[in-house]
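A.B. asks: So you can see what is in the structure, the chains are spelled out below.
Protein chains: 2
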Amino acid sequence: MTPRVIGSAAALLIGNELLSGKVHEANLVELARTLRALGIQLSRAVMVFDDIDVIAQETRSLAQSHDIVFTSGGVGPTHDDVTIEGISKGFGVKAVVDEKLKRLLSDAYGDKLTDGHLRMALKPEGALLMEGSDVKWPTIVYENVWILPGVPEIFRMKLAVVREHLRGQEPFFSRAVFTNLDEATLKPLLDAIVSEHPRVDVGSYPKWFDESYKTKVTFDSRKEDRVEAALNAFVALLPPEAGARVE
Amino acid sequence: MTPRVIGSAAALLIGNELLSGKVHEANLVELARTLRALGIQLSRAVMVFDDIDVIAQETRSLAQSHDIVFTSGGVGPTHDDVTIEGISKGFGVKAVVDEKLKRLLSDAYGDKLTDGHLRMALKPEGALLMEGSDVKWPTIVYENVWILPGVPEIFRMKLAVVREHLRGQEPFFSRAVFTNLDEATLKPLLDAIVSEHPRVDVGSYPKWFDESYKTKVTFDSRKEDRVEAALNAFVALLPPEAGARVE
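Sequence order for the protein chains is A and B. Residue numbering for the first sequence follows this note's numbering, starting at 41 and increasing by one per position. Residue numbering for the second sequence follows this note's numbering, starting at 41 and increasing by one per position.
No lab work stands behind these hints: they were computed from the structure. Any given hint might turn out to be false.
No distinction is drawn between identical chains; accordingly, a pair holds when it is met within one copy or between any pair of copies.
Unchecked claim - With a cut-off of at most 30 Å between alpha-carbon atoms, the simulated DSS-like pairs for lysine-lysine come out as follows:
{"hint": "1", "residue 1": "K140", "residue 2": "K263"}
{"hint": "2", "residue 1": "K62", "residue 2": "K254"}
{"hint": "3", "residue 1": "K142", "residue 2": "K247"}
{"hint": "4", "residue 1": "K263", "residue 2": "K142"}
{"hint": "5", "residue 1": "K62", "residue 2": "K247"}
{"hint": "6", "residue 1": "K263", "residue 2": "K176"}
{"hint": "7", "residue 1": "K140", "residue 2": "K62"}
{"hint": "8", "residue 1": "K62", "residue 2": "K142"}
{"hint": "9", "residue 1": "K176", "residue 2": "K256"}
Model the full assembly from the supplied sequences, consistent with the hints where possible.
C.D. replies: Right, dumping it as structure tokens:
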């Protein structure tokens with residue numbers, strides 16, 4: 041199967057426990073790195089409560105403005121798992137039991153199957169089940185919305201399915217220079233590079249509480265030669281006391 | 041000084057490095073816990089690029105729909121630090137040099153002061169400087185937008201100013217029960233509690249890869265007696281094999 045080519049992506053992180061600070065959100069960085077490696081740009085992430093109407097509105101809005109949306113959380117069996125209902129409402133369809141998911145749940149739980157388990161067979165009506173060769177449980181995809189679980193260990197497993205089915209337009213290339221000059225000192229040099237290399241994304245990140253360097257400067261582009269040119273031009277501008285280390 | 045009473049809060053997390061996965065966002069959970077302890081509900085968080093127009097639009101939108109907004113990131117001296125310009129644009133005001141901030145920067149850097157440093161004296165025209173008794177550097181506040189830095193160590197220091205100046209309407213009370221039953225088994229019990237205690241926020245969190253428990257159930261409310269009543273009712277419903285542990 042040929043992976044689908046994706047431009048921009050968004051993430052919707054769902055869970056009261058994230059916004060109350062009970063849990064430190066852990067899935068976004070994994071998703072971001074996975075997409076980045078595929079050449080897909082994650083351009084927005086939103087964190088909301090387990091609330092059907094909020095999820096409905098946010099999913100619709102993100103799905104309209106991005107090629108693909110990944111949700112995380114709210115897909116378990118209990119009353120506070122309302123992601124499927126929220127997404128269904130956002131697209132104006134019903135949440136219905138998928139027969140294949142129901143069969144998988146019956147196989148897994150046998151006699152112990154409860155109505156709670158069967159909530160995990162719900163999908164927005166018309167959704168597809170995306171299979172991954174290494175991942176047993178199918179992933180529910182409605183239009184351009186991929187519905188992923190909140191439990192970090194399972195979320196990470198599901199990223200294998202993302203890697204199997206999606207690709208960006210072109211890969212990203214990224215290099216970094218670590219220096220022991222502060223950002224304000226580097227600013228005129230950075231301004232020169234940014235102005236001469238407008239198609240390279242130049243980032244500057246101070247490290248305040250680390251003796252090993254003061255500022256990390258990053259160079260990112262879809263074109264490797266552009267990254268190299270900007271990096272080399274920057275390093276050539278640095279005085280010897282910058283102690284530049286290139287990665 | 042009497043702290044200001046705040047209902048709902050939102051966070052705007054700014055930085056290309058967060059959405060590319062180069063950096064694991066670390067400030068939101070600290071902000072969430074600080075606000076929670078003050079009785080303030082964080083109800084939405086949005087993560088965006090270092091882009092003036094995106095920051096402008098998002099700040100305006102969050103500031104209209106929440107009592108208070110906290111931004112994190114994009115306030116350093118370099119070309120990719122555009123939060124002040126973005127917020128200014130969002131409110132239709134100019135980014136101007138604040139004379140007090142300029143004096144503080146001159147005192148700190150002396151002869152080494154550069155134009156880069158002076159970018160850190162910018163504020164949206166009309167913004168206030170919020171002082172904290174333990175925090176040397178003032179915090180820029182424009183209307184209901186608190187502009188905080190992205191460097192996690194400094195962000196955490198700034199939360200002292202938040203604690204000093206803001207209060208929620210009432211504190212939150214929170215309890216938790218750890219059980220070794222799975223969520224689907226607990227579901228009918230949870231449904232009964234949720235229906236009998238509609239004003240308590242009941243959360244259910246499975247732990248898939250931990251031997252010490254299977255499901256954590258949380259009870260949250262602004263009224264301590266409601267939390268206790270829901271918790272006790274839930275524990276009374278649990279069978280002995282649940283191995284309930286209350287925290």
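A.B. asks: Against the structure, test the hints numbered earlier, and report the numbers of the ones violated in rising order.
C.D. replies: Numbers 1, 4, 6, 7, 8, in rising order.
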